[in-house]
Amino acid sequence: MALPQAKQDALAARIAGLGFPREGWLGPARGEALARLSAMGLPAKRDEYWRYTDPSGLVAAEAPRAAVFDDSDESPVFDGIDRLKIVFVDGVFDAEASDDLSLAGVEIERLAKAGGADIHWARDVYGVLEARGQVPVQRPLAALNSAFATDGVLIRVTGKAAKPISLIYVHKADTSDAILHHCVKVESGAEITILENGPAAARFSKVLEVEVSEGARFHHIRAQGRDHERRAVTHVFARLGAGALFKSFTLTANGVLTRNEAVIELNGDEAVAHVAGAAVGDGNFHHDDTVFVTHAAERCESRQVFKKVLKNGAVGVFQGKILVKPGAQKTDGYQISQSLLLDEDSQFLAKPELEIYADDVKCSHGSTSGAIDETALFYLRSRGVPLRAAQSLLVLAFLAEAIAEIEDEAIAEDIRSRLEGWLARHEH
Amino acid sequence: MLNIKNLHVKLEEEDKQILKGVDLTIGAGEVHAIMGPNGSGKSTLSYVLSGREGYEVTEGSATLDGEELLEMEPEERAAAGLFLAFQYPVEIPGVGNMTFLRTAVNAQRKARGQEEMSAGEFLKVVREKAKTLKIDAEMLKRPVNVGFSGGEKKRNEILQMAMLEPKMCILDETDSGLDVDAMKLVSDGVNALRDAGRSFLVITHYQRLLDHIKPDVVHIMANGRIIKTGGPELALEVENNGYADLLAEVQ
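If you read the sequences in order, they're chains U and V. Quick note on this note's numbering: the first sequence kicks off at 1 and runs consecutively. Quick note on this note's numbering: the second sequence kicks off at 1 and runs consecutively.
Hint data in this document are derived by calculation from the structure and do not stem from the laboratory. One or more of the hints may lead you astray.
In silico lysine to any residue, SDA-like type, Cα no more than 25 Å apart, as pairs [claimed, not checked]: (1) V:110 x U:427; (2) V:141 x U:387; (3) V:110 x U:426; (4) V:153 x U:387; (5) V:153 x U:427; (6) V:141 x U:374; (7) V:153 x U:378; (8) V:131 x V:93.
Being a predicted model, the structure only gives us computed values, none of them experimental.
Please build the complete structure, drawing on both the sequences and the hints.
Here it is in C-alpha cells:
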C-alpha cells in the first residue's frame with residue numbers, strides 16, 4: 001500500500017540531505033533499510049506505539065536546538081572503571097580522545113571504515129536484527145538509523161574480554177544531529193561488557209544490534225547524558241542463542257524526550273535476557289521505555305524491570321510486551337514497571353502486554369504508581385534520619401530492583417552515586 | 001527527664017479529642033509503665049511525643065530535659081534523645097537493615113556534632129549488640145523488617161535502641177505478638193540498657209511484660225487521662241481485677 005502523501009512529504013523532508021555510500025557489504029544493507037523506511041514512513045502521534053510519546057521532535061526535518069550541558073559538577077560516570085574508551089563528539093569519532101581499538105579476544109572496527117569491504121561478519125547482523133524487529137511492531141526510526149548512520153563500532157568478541165568497552169558520547173554543538181549504529185557479535189562462550197554514557201548530540205539516534213551466540217554472555221550498562229534539552233531515540237535489538245545471557249541496564253536522568261526501545265528474541269533454549277531501566281525526571285522530562293521480548297525457544301527466562309521517579313510534571317511511559325510463541329514451553333517471563341510520583345503534577349503511562357501461545361509457561365507482570373510511603377518516611381525520621389536523607393533513601397530503595405540487574409558491584413555503586421547526586425540536586 | 005503538662009491532643013482530620021489533659025513526669029533513670037484499656041490514648045501519646053503527623057496538640061507541653069519536644073521535627077526529637085519502639089515496626093523494602101542502622105546512627109551523631117562512626121567500628125558494635133539479641137548476620141543484611149516474624153521485628157526495634165543509645169525510650173506495646181521466650185529476650189535487651197541516665201516509658205495492656213521489665217511507677221490511663229498512679233502493685237491489681245473497678249472508682 002502506498003504511503004499517504006503527507007507521510008511521503010514528511011519523510012522526504014527528514015531525509016533530505018542524508019545519503020550513504022553504496023559500495024561494500026554495507027551499501028546494500030543500507031539500501032534495504034531505506035526501502036523498509038520508505039514503506040513505513042515516519043512515526044506519527046496517531047500510531048499505536050506512539051500514542052503516549054509525541055515523536056515530532058524526533059521526526060522534524062531539523063534537529064531542535066539543545067543547549068550544550070555542563071556536567072562538570074560531577075566526575076564522569078564509569079571514571080573509576082578500567083575500560084577501553086571510544087569517544088564520539090556530536091556523533092563524530094574522536095581518535096585523540098579514544099584508546100587504541102585493540103583488546104585481546106575482541107575485534108573492534110569503526111563502521112565508517114569497515115563498511116567498504118566486500119565481506120564482513122557484520123553483514124549478518126547490521127540491519128538484520130533491526131529488520132526482524134520490525135514485525136509485528138514497526139520501528140521506522142530504527143530503519144532510518146540503519147540507512148543513514150554515519151558511524152559506529154563493530155565489535156566481535158571471541159573470548160572473555162579483559163575489560164569493558166566504553167562508548168562515550170560528547171555533545172558540543174547545540175544543533176548537532178547524530179546517527180550512530182553499533183553491532184556486537186559475541187561468539188559462543190565469549191563474554192563482554194559494553195558501557196555507554198554521556199550527552200551525545202542535540203538530537204541523537206542510536207541503534208545497537210547484539211547477536212549473543214550459544215553460551216555467550218553480554219552485559220550492557222548505560223548512563224544516558226544529563227543534558228536536559230536533548231532528544232534521543234535509541235534501539236537495542238538482540239538475538240540470543242541457546243544458553244546465552246543478555247543483560248542491559250539504563251540510567252536516564254533528565255532529557256526533554258527520550259525513547260529507549262529494546263527488542264529481544266530468545267531463540268535458543270535456556271537463554272536468559274534481562275532488561276532494566278531507572279529513570280529520574282524533574283520538570284520538562286518525557287521518558288519512554290518500549291520493550292518487546294519474544295520467547296521462541298524452551299525454558300528461557302526474561303525479566304523487564306523498569307522504575308521511574310517523576311516530579312514537577314515529568315512524564316514516564318512504559319510499553320512492554322512478552323510474546324511467547326507456540327512451543328516455547330517452560331518460559332519464565334517477568335515484567336514490572338513502576339513509578340514513584342513525587343508530586344501530583346507528574347504522570348506515568350503504562351501499557352503492559354502479554355501474548356502467550358504455549359500452555360506450560362509462567363509469566364507475570366505488574367505495574368504500579370504511587371507516592372513515597374509516609375509511614376516508612378516517619379519511621380526513618382523517628383530514628384534521626386533527616387527528611388531529605390530519608391526521602392533519598394526511599395527513592396533509592398524504590399529503584400533498587402532495577403539497579404540489582406547490574407552484576408558488577410563497582411558499576412552498580414557508580415550508578416547509585418549518580419542517582420544520589422541527582423537527588424541532591426533536585427531536592428524538593 | 002520527660003515532663004508532660006496538661007497535654008491535649010485531637011486528630012487533625014476529625015474533631016475527635018484523644019488526649020484530654022495528660023500530666024506525667026519521669027525522672028532520670030526511672031522506668032514508668034502506662035497501662036490502660038483499648039482506646040484510652042496510650043499509643044496516641046507515644047506517637048505525639050515522637051512527632052507523627054495526623055495529630056494536633058491543642059494545649060499543653062512536653063519537654064525533654066527542658067527542651068520543648070512538640071515544636072521539633074521527628075528527627076530532631078530523635079537527636080535530642082527520644083526513641084519510640086513501634087508497636088508495628090515498619091517494613092522498608094530495598095533498604096538494608098545495616099544501611100538503615102548506620103544511616104540513623106551517623107545522622108544522630110552528626111546532629112549532635114559528633115564524628116561519624118567508621119564502617120569498621122560500626123560493624124563491630126552492631127555485631128556485638130545483635131548477638132545478645134540473637135539477631136543473626138542474615139537478618140542484618142535483609143531489608144528493614146521485610147519478612148521478619150513478629151518477634152524478629154521487636155528484637156530489631158531493641159537493636160536500634162541499643163545502637164542509638166537514647167536517653168528517653170518509649171516502648172509501645174512491645175509485648176504484643178511475642179511468645180514467652182521472645183518476651184524474655186526483648187526484656188533482657190531492655191534491662192541491659194537500664195542505667196541512671198536513661199529513662200523508660202513502657203506502654204502495655206498486660207502486666208506480664210512488667211514481670212520482666214520492673215517499673216518504678218505504674219500509671220493507669222483511661223479516656224485520654226491518667227486516672228491513677230501507683231507502684232508496681234497497681235499493675236498486679238489490674239491483672240487481678242481488670243480495669244472496670246478502677247474506672248468506676250474515678251467516675
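Self-check item: Pair hint residue 110 of chain V and residue 426 of chain U, alpha-carbon separation not exceeding 25 Å
Solution: holds, 23 Å
Quiz item: Are the Cα atoms of residue 131 of chain V and residue 93 of chain V separated by 25 Å or less?
Solution: holds, 24 Å
Exercise. Measure nothing beyond the straight line between the CA atoms of residue 110 of chain V and residue 427 of chain U; if it is 25 Å or shorter, mark the hint as holding.
Key: Satisfied, since the Cα-Cα distance of roughly 20 Å is no more than 25 Å.
Quiz item: Are the Cα atoms of residue 153 of chain V and residue 378 of chain U separated by 25 Å or less?
Solution: This hinted pair holds, its Cα atoms lying about 17 Å apart.
Quiz item: Can the restraint linking residue 141 of chain V and residue 374 of chain U be considered satisfied, given a maximum Cα separation of 25 Å?
Solution: Measuring from Cα to Cα gives roughly 23 Å; hence the hint holds.
Quiz item: Keeping to a limit of 25 Å between CA atoms, is the pair of residue 153 of chain V and residue 427 of chain U held or broken?
Solution: violated, 31 Å
Practice problem: Could you grab the alpha-carbon distance between residue 141 of chain V and residue 387 of chain U and see if it respects the 25 Å cut-off? | Solution: holds, 24 Å
Quiz prompt | Hinted pair residue 153 of chain V and residue 387 of chain U, Cα distance within 25 Å | solution = With a Cα-Cα distance of about 23 Å, the restraint between residue 153 of chain V and residue 387 of chain U holds, given a limit of 25 Å.
The structure fails to meet hint 5 from the earlier list, while all remaining hints are met.
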